[in-house]
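Trainee: In case you want the letters, here they are:
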Amino acid sequence: MSEPAPATSTNADVLMSLNDVVRRFGALRALDGVTFDIMQGEMLGVAGPNGAGKTTLLNVCTGVLPATSGHITFDGQAIRGMPPNQCCQLGIARTFQIPQIFSSMTVRENVATGAEFGIGQGGGGNIEAHVSDVIDLVGLTPQQSNSVTDADLLTRKRIMLAAALATRPKLLFLDEPLSGLNADEVDSFVALFQRLHAALDLTFVIVEHKVRALADLSERILILNFGSVLMIDTPERVLSDERVIDVYLGTRNLA
Amino acid sequence: MKDQTAATANQMTRRQPSAFSSLTFWAIVGGLAVLGMFVDDPYMQHVLILCFLWAIVAAGWDLVLGYAGIYNYAQLVFFAAGAYGSGMLAAKLGVSPIVAIPLGGIFAGFMGLLIALPCLRLRGEYIALFTFAVHLAMPPLILKTKHWGTGGNTGLLGIPPIDLFGFTIGPRDKLAWFYLTLAVASVAIYIIYFIVLRRRMGKAFVALRDSEDFARSLGVSDFRYKLLAFMSSALITGLAGALYAHYTTVVTPKILGNEFFLLAMVMLAIGGIGRFPGAVLGAFIVTIANELLRSAGNMRLLLLGLAVVLTVLLLPSGIVSLRENFQRLWRKTRAKQ
Ligand SMILES: Nc1ncnc2c1ncn2[C@@H]1O[C@H](COP(=O)(O)OP(=O)(O)OP(=O)(O)O)[C@@H](O)[C@H]1O
Ligand SMILES: [Mg+2]
Chain L
18 MSEPAPATST NADVLMSLND VVRRFGALRA LDGVTFDIMQ GEMLGVAGPN GAGKTTLLNV
78 CTGVLPATSG HITFDGQAIR GMPPNQCCQL GIARTFQIPQ IFSSMTVREN VATGAEFGIG
138 QGGGGNIEAH VSDVIDLVGL TPQQSNSVTD ADLLTRKRIM LAAALATRPK LLFLDEPLSG
198 LNADEVDSFV ALFQRLHAAL DLTFVIVEHK VRALADLSER ILILNFGSVL MIDTPERVLS
258 DERVIDVYLG TRNLA
Chain H
316 MKDQTAATAN QMTRRQPSAF SSLTFWAIVG GLAVLGMFVD DPYMQHVLIL CFLWAIVAAG
376 WDLVLGYAGI YNYAQLVFFA AGAYGSGMLA AKLGVSPIVA IPLGGIFAGF MGLLIALPCL
436 RLRGEYIALF TFAVHLAMPP LILKTKHWGT GGNTGLLGIP PIDLFGFTIG PRDKLAWFYL
496 TLAVASVAIY IIYFIVLRRR MGKAFVALRD SEDFARSLGV SDFRYKLLAF MSSALITGLA
556 GALYAHYTTV VTPKILGNEF FLLAMVMLAI GGIGRFPGAV LGAFIVTIAN ELLRSAGNMR
616 LLLLGLAVVL TVLLLPSGIV SLRENFQRLW RKTRAKQ
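Residue numbers (the working numbering), protein chains in the order written: chain L, 18 to 272; chain H, 316 to 652.
Just so you know, the hints here were simulated from the structure itself, not pulled from any lab data.
Stretch-level coverage of chain L by chain H, calculated; a stretch enters the list once three of its residues show a Cβ under 8 Å from a Cβ in chain H: (1) 96-108; (2) 112-120; (3) 176-189.
Backbone N, C-alpha and C fix where the C-beta goes; we use that ideal spot for every residue, glycine too.
Required output: the full structure, derived from the provided sequences and hints.
Mentor: Listed below in structure tokens is the structure:
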């Protein structure tokens, strides 16, 4: 981990590449010329102050919001302007900062929705077995036939994660997956992500304010500030960087 | 408002499959078919025919409003499109009603597409505003296009009866109409609730209704499935309109008036949306109540309004939730003993 991790590279194992991406909301530049690469198989952490544009970055990378300008490629294919359902079928999945759920379905039906609609061409196979596998991997097997209306926050997050995994993604974006969880729950989720990363051929981008957990998980951390990349490097370097301490870490204790 | 509707709609869809099997459904249809042999009063036959036609409209509306969660208030526009489309083809161009009726449905489906396209760019309440504006714009449009043969205010007259292999089913042949509308209604309702809503399409509707963002992130195309919801609902409702036109032989802009609109709303409110058989039950109850109240004259709409207020206050998820409420009560009293 002593080699400097470059922001962009011409390497063949780049999975997603952003080039000078801008997203405006009226006069506000929520993303202001963002350029970086997501490498195949890595765990990339994203952190930054509230309102820095982290969720907007995820929205732009997953097709929820079109970029105002700039280029985004995934697997060598330009995806700017593609709707989220199409991005999903290409292999881009995500979870939401505010947990989303299909409240009229059972746990299993929630997850199966991802398998039924999200798997792109040629990814078929045995859907039911695949759904069972994903439910098992995320630890929802005992609750799978329950209705989701009484599910607690942790269960909701598991369901959202399982549904995203059921789409057979290559790249998974997680928006503050640990927020609202207590210390034990954070540990179990961190372990779960590590398990998933080892078991599946999957690249992770994790937005998180819990910097300790993020440093444990990530190979690189990207700090976003006012819509721009402040730095992107190994956790050690990022967490000891003067500018990062100044704009982000200084204001909070390293929880 | 959105969350509430979704939440109520939810509890229903979940219990729906076990609560109502297709066997029960066809048994009831068979029962109605047998009933037809014993009802020989033309007025009662007429009321039942109206019940069947309204059941199609209510089911079509339930599909888009209750299950797909799209606030479409232009449902009667599709009914009118089917009625005018088929009526004009038959009365003005001499097309056989057997051909004109399905074409009326297809025309309504096309209207569904036209109305759906702008709705794809709108959210929630704005869809309600837009579609209701379309509904309001229809009667003046029918008057303005009088020279195309819509009949303007007097209505489209002389719509020919159905001619089936030499048999003419005129407005007086109530028994034939009874079985025809029963057949179309049961097939339409079966297709909506037992085929469309239980397959991939229905799952997409409910997913988009429950959480559009989540559904899209999982690969559900909101574009495709919202169009499909609008178009299939419009097509089925248009068929009911076309049948209605050939049954009554007259179509006037009154079918877009306040009374019809209110009746349809009351059906869904009383029956309960998004949980079969709520809307269909509501269509029967409201059509029959509306006839029973004919003698009440102007008080009728007031009484119907009162019925809605009471159901919304006492049974927010419609009559169809009565059974569950009873079950809950039953369990509670038993638990106390
Ligand atoms: N749909 C929108 N319309 C207008 N402004 C928006 C929209 N979405 C985000 N913004 C603005 O863009 C900026 C970035 O917001 P974003 O949600 O991406 O921040 P974030 O880094 O995810 O913050 P947090 O840590 O609080 O989740 C904020 O100033 C926000 O108010
Ligand atoms: Mg955010």
